[in-house]
Amino acid sequence: MSTRVINWFKFASPASFFPLAGRIAWWFAVPAALLAVAGLWLGLVVAPPDAQQGNAYRIIFIHVASAWMSMFLYLVMAGWCAMSLIFNARLSAMMAQAVAPTGALFTVIALWTGSFWGRPAWGTYWAWDARMTSELILLFLYLGYLALRQAIDEPRRADRASAVLALVGAINVPIIYFSVRWWNTLHQGATVSLTKAPKMAAVMLTGMLLMALAAWFYAIAVTMIRLRAIILERERHTAWVGAFAGAVR
Amino acid sequence: MSLSEFFSMGGYGFYVWGAYGFTAVLLTVEIVAVRARLRAAKRAAQAQEAGE
Chain A
1 MSTRVINWFK
11 FASPASFFPL
21 AGRIAWWFAV
31 PAALLAVAGL
41 WLGLVVAPPD
51 AQQGNAYRII
61 FIHVASAWMS
71 MFLYLVMAGW
81 CAMSLIFNAR
91 LSAMMAQAVA
101 PTGALFTVIA
111 LWTGSFWGRP
121 AWGTYWAWDA
131 RMTSELILLF
141 LYLGYLALRQ
151 AIDEPRRADR
161 ASAVLALVGA
171 INVPIIYFSV
181 RWWNTLHQGA
191 TVSLTKAPKM
201 AAVMLTGMLL
211 MALAAWFYAI
221 AVTMIRLRAI
231 ILERERHTAW
241 VGAFAGAVR
Chain B
1 MSLSEFFSMG
11 GYGFYVWGAY
21 GFTAVLLTVE
31 IVAVRARLRA
41 AKRAAQAQEA
51 GE
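Just so you know, the sequences run in chain order A and B.
Letter 203 of the first sequence, counting from 1, is numbered 203 in the numbering used here, and no numbers are missing.
Letter 21 of the second sequence, counting from 1, is numbered 21 in the numbering used here, and no numbers are missing.
Everything labelled a hint here was simulated from the structure, so no lab data went into it.
Certain hints may be false.
What the hints assert, rightly or not - Listed next, with one range per pair, are the computed distances between beta-carbon atoms:
hint : chain 1 : residue 1 : chain 2 : residue 2 : range
1    : A       : V168      : B       : S4        : 34 to 44 Å
2    : A       : G144      : B       : T28       : 25 to 35 Å
3    : B       : S4        : A       : R156      : 56 to 66 Å
4    : A       : R181      : B       : G13       : 27 to 37 Å
Here a beta-carbon is modelled for each residue, glycine too, at the ideal position from N, C-alpha and C.
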């Protein structure tokens, strides 16, 4: 019996992960586009208008997906930061660095689409509601992480300092998630629950989940492309980048 | 459903397309920016290799 042993530690080095990241980007970019087309078609064309909100509710298909991603990507970033501190691993720190801008982007989209939904649904673009305020703090945490990295010239020092900031800030994610239960302010409760039967029509739920999956795949693809740029930027002095640059010329 | 009905979104067109349009623009900008960053990093690595 032959067993093929994969040495996973091999991929923990930026040099060997660099080509793999390029392939992963394509594996996820194409399904992301297909899922988004299917999700948009269900959400904007097939799903009927809502009984109370008419067509305004259709914002849900991007709002929920982007809000989930904004929180999930923060946890992913914090996880890589923890790995980089524990194992003192360069690639983990680069992963966190690559995830942060996309996390910040999804946070901006969640806030913007929420605002454009809040106006027709509640009569206001913005309120200092518990969930909206904690989501705004999430944006400031992403921006703080990126600004701290920018402020420190030495990359390994920037890795450690920004990792500590990201890990302390992770406490905000459960606050966002449970905010609708802990404080009875403007924002409604959870739309989808793992423990209760869905409150929405199957077609709407399917559209929402397709959009969430599309956002997830998109985030992986764009993060892998950014990771490749970061690896080249930070490993420029190494022999393998020199050999790579010589080969592609 | 006619095309003009689709775009008016029952009177909520400004909000629905304002949300979707903003998202589309931001994602497009991110894709273009991240690919430009990778190209620039490759060029910088090549310039350094050529200079050595």
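Evaluation of the provided hints:
Remark: the range hint 34 to 44 Å for V168 (chain A) to S4 (chain B) is contradicted by a beta-carbon distance near 52 Å. In this structure, G144 (chain A) and T28 (chain B) meet the distance hint of 25 to 35 Å, their C-beta atoms being roughly 26 Å apart. Between S4 (chain B) and R156 (chain A) the Cβ separation comes to about 58 Å, which falls inside the hinted range of 56 to 66 Å. Checking the proposed 27 to 37 Å range against R181 (chain A) and G13 (chain B) shows it holds: the Cβ atoms sit about 34 Å from each other.
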